[in-house]
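Residue numbers (the numbering used here), protein chains in the order written: chain S, 1 to 367; chain A, 1 to 367; chain W, 1 to 367; chain L, 1 to 367.
Just so you know, nobody snuck in bad clues.
Quick list of the computed label-pair ranges, beta carbon to beta carbon:
(1) A/Ala-57 <-> L/Gly-203: 57 to 65 Å
(2) A/Ala-323 <-> S/Pro-19: 27 to 35 Å
(3) W/Glu-224 <-> L/Asn-2: 38 to 46 Å
(4) S/Gly-360 <-> W/Ser-212: 36 to 44 Å
(5) A/Thr-214 <-> W/Gly-67: 32 to 40 Å
(6) L/Pro-280 <-> W/Glu-33: 35 to 43 Å
(7) L/Phe-8 <-> S/Gly-360: 20 to 28 Å
(8) A/Ala-323 <-> S/Leu-15: 32 to 40 Å
(9) S/Ala-16 <-> L/Phe-8: 31 to 39 Å
(10) W/Gly-67 <-> A/Ser-212: 30 to 38 Å
(11) L/Glu-64 <-> W/Glu-64: 52 to 60 Å
(12) S/Pro-19 <-> A/Glu-198: 53 to 61 Å
(13) A/Ala-187 <-> S/Arg-37: 50 to 58 Å
Here are some of the chain L residues that sit facing chain S, going by a computed Cβ distance under 8 Å:
(14) Ala-38
(15) Arg-45
(16) Asp-158
(17) Ala-164
(18) Arg-170
(19) Leu-213
(20) Thr-214
(21) Gly-233
(22) Asp-239
Worth flagging that the hints you see were computed from the coordinates, not collected in a lab. From the three backbone atoms N, C-alpha and C, an ideal C-beta is built for every residue, glycine too.
There are 4 protein chains.
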Amino acid sequence: MNDLINLFDFEAAALALLPAGTRDYYRGGAADELTLRANRDAWDRWQIHYRVLRDVAERDLRTEVLGEQMDWPVLIAPTAYQAMANEAGECATARAAAAFGLPMVLSTLSNRPMEDVAAAATRGLWFQLYVYRDRGVTRELIGRAQAAGCRAIVLTVDAPVGGARERDVRNGFSYPKDLPMSNLTGAGAQFSNPDLGEGGFVGYLNRMFDPSLTLRDLEWIAAETPLPVFVKGVVRADDARVMARHGARGIVVSNHGGRQLDTAPATADVLESIVQAVGPQVPVLVDGGIRRGTDIVKALALGARAVLVGRPLIWGLTVGGEAGARRVLELLRHEFDIAMALSGCNRIGEVDRSLLARAGELPPARG
Amino acid sequence: MNDLINLFDFEAAALALLPAGTRDYYRGGAADELTLRANRDAWDRWQIHYRVLRDVAERDLRTEVLGEQMDWPVLIAPTAYQAMANEAGECATARAAAAFGLPMVLSTLSNRPMEDVAAAATRGLWFQLYVYRDRGVTRELIGRAQAAGCRAIVLTVDAPVGGARERDVRNGFSYPKDLPMSNLTGAGAQFSNPDLGEGGFVGYLNRMFDPSLTLRDLEWIAAETPLPVFVKGVVRADDARVMARHGARGIVVSNHGGRQLDTAPATADVLESIVQAVGPQVPVLVDGGIRRGTDIVKALALGARAVLVGRPLIWGLTVGGEAGARRVLELLRHEFDIAMALSGCNRIGEVDRSLLARAGELPPARG
Amino acid sequence: MNDLINLFDFEAAALALLPAGTRDYYRGGAADELTLRANRDAWDRWQIHYRVLRDVAERDLRTEVLGEQMDWPVLIAPTAYQAMANEAGECATARAAAAFGLPMVLSTLSNRPMEDVAAAATRGLWFQLYVYRDRGVTRELIGRAQAAGCRAIVLTVDAPVGGARERDVRNGFSYPKDLPMSNLTGAGAQFSNPDLGEGGFVGYLNRMFDPSLTLRDLEWIAAETPLPVFVKGVVRADDARVMARHGARGIVVSNHGGRQLDTAPATADVLESIVQAVGPQVPVLVDGGIRRGTDIVKALALGARAVLVGRPLIWGLTVGGEAGARRVLELLRHEFDIAMALSGCNRIGEVDRSLLARAGELPPARG
Amino acid sequence: MNDLINLFDFEAAALALLPAGTRDYYRGGAADELTLRANRDAWDRWQIHYRVLRDVAERDLRTEVLGEQMDWPVLIAPTAYQAMANEAGECATARAAAAFGLPMVLSTLSNRPMEDVAAAATRGLWFQLYVYRDRGVTRELIGRAQAAGCRAIVLTVDAPVGGARERDVRNGFSYPKDLPMSNLTGAGAQFSNPDLGEGGFVGYLNRMFDPSLTLRDLEWIAAETPLPVFVKGVVRADDARVMARHGARGIVVSNHGGRQLDTAPATADVLESIVQAVGPQVPVLVDGGIRRGTDIVKALALGARAVLVGRPLIWGLTVGGEAGARRVLELLRHEFDIAMALSGCNRIGEVDRSLLARAGELPPARG
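Start from the sequences, fold in the hints, and give me the full structure.
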């Protein structure tokens, strides 16, 4: 693992280790994977017009999102079925996140029970919510998350139906039967078998999750829990603004990692318009293709309060379990720290929009 | 055939099955095939800024074009000599179209007689018209189409002379002598032999079809038949507007699938300007490179009333005859349905222009 | 030769036939060959927004440039040492040009004497002039061209010094000693040996040609001869306008086929600005990368009166001598004729600016 | 060496000769090397709209920067540890520079003592300064440079911490122990061992150099020496203007050759904005990717007073020691001379902004 020196190295190593079905499930995007690639490329198209002579001897990377403190502006993105990568699954990820001062967002489709994960996630656990057609199950999930000490609900809204995961279709991939959906107990236990019916994950999703969600459901969830509700999967400024008026306390700009609607825009391209639309009272997070410390600087410069990182943790888990996940975070934090210093920024608040311009564009004569 | 999960798969499978001459005839474009590729690429350059929380549990994909009802906004594009792909030819295509609730546009150069095709096309048949120098033949074709129950005439205007089909020239390709041009009987029978003279298809076209067509001919055809006349092959807004004033009831934005004038613009790039020019009373259809369900959403968002899909049906026919054609439509309909749901649209009328922006462009802060 | 169906085919065939030194001399550009490629690519970036229903049964492709009649708007560009491609050299080219109703521009560095070429070029010969440091030689060349019946002087201005022809340097290429510079007789005979000194062609050019040319020299040449003087090698609108004021009767937009200053702009990109600058009284011609009939339509739409085509004639000569050159012109004329018809244009005068837009750009709603 | 005819040839030859660690150290950039490539590509994206008929028989390429005379507008960029390429190291480079009438900028991390290099650099030596945490060492370096006859101080400001030199990390590269840091004697002797501690060059840099630099330090250095101080590593117009107010006499637009912050902008893209911001009293130099004579013309047209060239000298040293370095400069000077002539410029002062436009952009109708 010592010869893996950036997140791309971890990805390559993990892809070589995983069986084809799991590998493609984790790495894949919808259809032609144009959005999957666009997410990544969009960060590279932004360039950092760094400042110099700013005394960057002591950087302070801490930030907070609605009161949640984090040592640097990253959260672990929710990804399903982490035990396919490593037996310890979400617990290993949670311990790694905590070790690096980060909160984690736990998927509804976690293999490890949220209580166990919450115990490991000592720097904060948020709960990602899929809304089941059976609202009793949904209510139970929210209540249980609250009881487990989760500090926010992250409502996924970009998956009313499953995306065209063609890799999974070709592989005939479905979640392994021997791995539990450990959050689905009680009323939800009936839905805890991923092998229930046809069509793999997408089939499950289409049968279980409610495609009829509207703003009313968002309001219902916001009323159901004292936890702040983030809406995840937004790419439009008007959508974001409306959601903020109907109960969303924060927005996660996301296209589900390119796994839902192919040719959806890259998150880095729509982020700023959403930040401007909702205003400073509503924190905006972003995910999709963040692999370099400089990407985080760029997200902040475009107005994000923090970013979410998903697949790289899976690669870390695959390569080395918790130690692998830690190493991924260590590398990313180091890169971010260096990127801040070289950008001339000591604190998160010093990252401003003037740091960015599109690649190849000529800047104005500022100053 | 079960392992073919999208239209590109069908294309690859069909290309492997067809003899070189036929394969290149179907797949090829003019000259350097820049327009052929541009047609496809242009759809990908549009990105869908999808909406969320819109209750997409029940989608209604139906639409109509000048009274023609269709279950989803697709028509089968006219392509010649479908019996080269499968013996049942246009009849198989017609049955597949009908099974999926779609009208079909039949080529003048059909192998199966239009009456047979009309009987199979129970959800509607339109007739694509090439104007023969011999206007008696032309009049006969129109009358026969009308009698056979065709519900619209689609006048091709982008082929006053044949394009530079270099693949066909290299292959020495001409239509097989043993396949009849079954629509050319009576006065037209003299022109029913594709082997009549030199130069393959383009030679036939140049000898038979009238390069002197003007708006007067459009007026003549519109007066000749009570059927609505669509003009197919338009890429300019001014042309479209003038045609609407001279008898065209609808416009098909098309560059003949990239087979006529190379470096003509991609249809996805000119569509909107034409829609705006002719106004809401004149339905605008579009073809060229539509292969994904998301492409259809994009065409609608740019103002098209429906799209035409051509080559993919040929690939379906080649791979599996009528069953192959059905499977192609089944895949495309499923993709379109999913794309609508993930775009936050329940009905065709909910697809609006705000869903689209160019790849890499930064959207305004809407809302 | 029958299997060569476009100009690119001729290029590939000729490259395979020629010895490396000659091949690279003809095909090569300066330095990284960015301008060489840009010339070609720039034509492809323009797209033709063709018109339909225009009665294109009878096309008339004729035009004239300052009284010079040509059957279609093409001249043969001056290229040196055509006898390396075929023994008959410039005479073969001239016969081919005449057979297709075109004037030819003969290089100062012709292998065949201009009187012989003039006799073969029955549709008009123009003389390309390099200005020797020895003005007596220059005056002699002009006088001789006039006496031979040349109808215009084309003064090359983009070669005050030789470009960085790296292919030639690597190959140690120089003109063959056994091929005469047949225009250099009388006073010029002393300069007729290409092997005179070091550095190959560029060495010769630097020793012989005058880098001190100014507008005064242009005025001198214009006064020296009653023939109209075209200035060739202009890429700036201001330069073109000034030259028109100092004796130039016409402008040839050219960057010497990408052989002089690498990273000079593509001619297709600067053509229009020059046409607008000099106004309708000064005909503007253009060369550089014209290989398709559609390229000629585009040049006309941008305001060129005609185009010059160079290397493709060399490829024709190489492959089949005069017959090869004829075939190249036959293919190009056919393509141009078809391109005119498919663009909806019957006469040169019908080609207008509205036919063009940049690839991928969205057109306005015209009409 | 005779078959190496441009700077890219020298690069390829040197890369083949060097051991992997040294090769990658010299050639490499930070992280994904996007800025490394962008530096190069940005020059190519500018095109030269050359002038003609300007009498370029006698070019005068001389210029000056704050009184420093140079035969053509190039300085040798500071690069560390040149003795890895050739034993004579910086002395060889200095002799080559002097032979071609150029000043050299010597790195703090020179292998040869600055006094020796100054003796060789008869056309001027400038001293590149890294500020050590130990200001006594820094003061000693400045004083020694002054005493050695250096004529300017070039303060590097884009390396408060080391960049992500991933090639070096993979190679486990560190400076060879047997090569001295010859400028670090006296108080600095304690820091002269590159093997002092972990992390290779970047580790050394992070331990030794002061990340807390501010405008106060710039003022201190400017007050410490009568020599003009250039600030190197600036990519923002506002930064440049502020520095000019706090003691900088000149600016070097640079991103450290793409070795520090990846996705920093290409220098060719920000140069002009900086020139405009600081005004004509503050000379602006630029480095990054300059490999062709035309690149120098472009830099001047964008307002640079001169350019710095770094890695190509290393390639020259590697291939042929001082003779190799000379040959590199000879090739580049020749290219620049030709580029000036073909641009229609006789003197540096004739290079103006109108010579440039972006590739593919349509110029206005000037003149």
